[in-house]
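Read off the chains here:
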Amino acid sequence: MSVWYLTPTWFSGYDAILQLVFGLITLILALFAIRIFKVTSERTTKLFGSGFLLISIAYFVQSALNFFALHELAEPIQPLIKLNQAITIGFVAAYFHLLLMICGLIVLLYMSFSIKEKKVLAALLLIGVLPMLFDTDIVYTYQIISTISLIFIASYFVKNYLKKKHALRFFTAAGFAILLLSSIIFFFAVQDKLFYVAGNALEFLAYLLLLINFYLVLKK
Amino acid sequence: MNPKRGKVAIIHDILLIIRSKDSEAGPTHIMYRANLSHQMLTEYLNEILSKGFAIENTNKHGKRTYAITPKGHEFIKDYQQIQKFFDSYGFVQ
Chain X
1 MSVWYLTPTW
11 FSGYDAILQL
21 VFGLITLILA
31 LFAIRIFKVT
41 SERTTKLFGS
51 GFLLISIAYF
61 VQSALNFFAL
71 HELAEPIQPL
81 IKLNQAITIG
91 FVAAYFHLLL
101 MICGLIVLLY
111 MSFSIKEKKV
121 LAALLLIGVL
131 PMLFDTDIVY
141 TYQIISTISL
151 IFIASYFVKN
161 YLKKKHALRF
171 FTAAGFAILL
181 LSSIIFFFAV
191 QDKLFYVAGN
201 ALEFLAYLLL
211 LINFYLVLKK
Chain V
1 MNPKRGKVAI
11 IHDILLIIRS
21 KDSEAGPTHI
31 MYRANLSHQM
41 LTEYLNEILS
51 KGFAIENTNK
61 HGKRTYAITP
71 KGHEFIKDYQ
81 QIQKFFDSYG
91 FVQ
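Protein sequences, first through last, are from chains X and V. Going by the numbering used here, the first residue of the first sequence is number 1, and it counts up by one from there. Going by the numbering used here, the first residue of the second sequence is number 1, and it counts up by one from there.
One chain only, chain X, in its complex shape (with noise of 0.2 Å):
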């Protein structure tokens, strides 16, 4: 799950619409669950939901931002004062992007836990939450905790597909191993622009991988 780092200038505007796109999916999977809970008032749902519709709005915000990002930069010679409005703008939407990532990401590591105590899912979003508030190194700070919960949630998932090795549950698992694996690539997009790129791509095939396991489950 990306931020923002280094980004070659011809990906400028690609990043956005991918990021389109998996706030897209991330929604249709969240509606999809929301409305199996509706029917079925099973907990899983209802947090694998909650979780999917905050990491789709975390990415509708980071997509917004990169666009508005890019018709900023597009002006030539801009005022002082509408650069520093644009700074203010962009640095509160990327704040509200980290935010809402983490708290989707702890819904559904806490979704891959069997307990049911309530207490347990307040205390992993304080300690996931608190330190992106009051740590200066906000990148750094995200990407650890989005890893870390990405290793829980991606082992649960594999762990349920080792159990019953079925082809809805290959792509599952392999989906949220290829997102544990575009988190792990994006700690080094600060360096290089092109490992940038590399954890989108890794993105987008995970999310391609989430939405044909979605097709399967629609398909009669």
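Derived from the structure by calculation, the hints contain no laboratory data. Treat the hints with care, since some could be wrong.
Claimed, not checked - Keeping only pairs whose Cα atoms sit at most 27 Å apart, straight-line, the calculated BS3-like set for lysine-lysine is:
id, chain 1, residue 1, chain 2, residue 2
1, X, K38, V, K51
2, V, K71, V, K51
3, X, K46, V, K7
4, X, K219, V, K84
5, X, K219, X, K165
6, X, K165, V, K84
7, X, K116, V, K84
8, V, K71, X, K219
9, X, K38, V, K71
10, X, K46, X, K219
11, X, K38, V, K84
12, X, K38, V, K77
Put chain V on the given structure of chain X with help from the hints.
For chain V alone, kept in the frame of chain X given last:
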């Protein structure tokens, strides 16, 4: 019937029994056909009624019967998708 049925599968089985009796399914009939204890049947029927999948009626002999609603028919139709969704993520019901 599968002895390790999840909650959703049991609700589905109960609704199929109600549907097969054409609105005349009584609690005893459902209990035996669905292979449930009295306590479990009461819990599941309460859930089915609260979700609007079936309605409770009283027949001419003054006995309770259950009839499936359009929402219940929709649940039966969507059941395969719901099961596949649970299975694809390995969610325990």
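So, going through the hints one by one against the coordinates:
no.: 1; hint: X:K38 <-> V:K51; verdict: 9 Å, holds
no.: 2; hint: V:K71 <-> V:K51; verdict: 9 Å, holds
no.: 3; hint: X:K46 <-> V:K7; verdict: 16 Å, holds
no.: 4; hint: X:K219 <-> V:K84; verdict: 10 Å, holds
no.: 5; hint: X:K219 <-> X:K165; verdict: 19 Å, holds
no.: 6; hint: X:K165 <-> V:K84; verdict: 14 Å, holds
no.: 7; hint: X:K116 <-> V:K84; verdict: 24 Å, holds
no.: 8; hint: V:K71 <-> X:K219; verdict: 21 Å, holds
no.: 9; hint: X:K38 <-> V:K71; verdict: 12 Å, holds
no.: 10; hint: X:K46 <-> X:K219; verdict: 23 Å, holds
no.: 11; hint: X:K38 <-> V:K84; verdict: 16 Å, holds
no.: 12; hint: X:K38 <-> V:K77; verdict: 15 Å, holds
Checked against the numbered hints given earlier, this structure breaks none of them.
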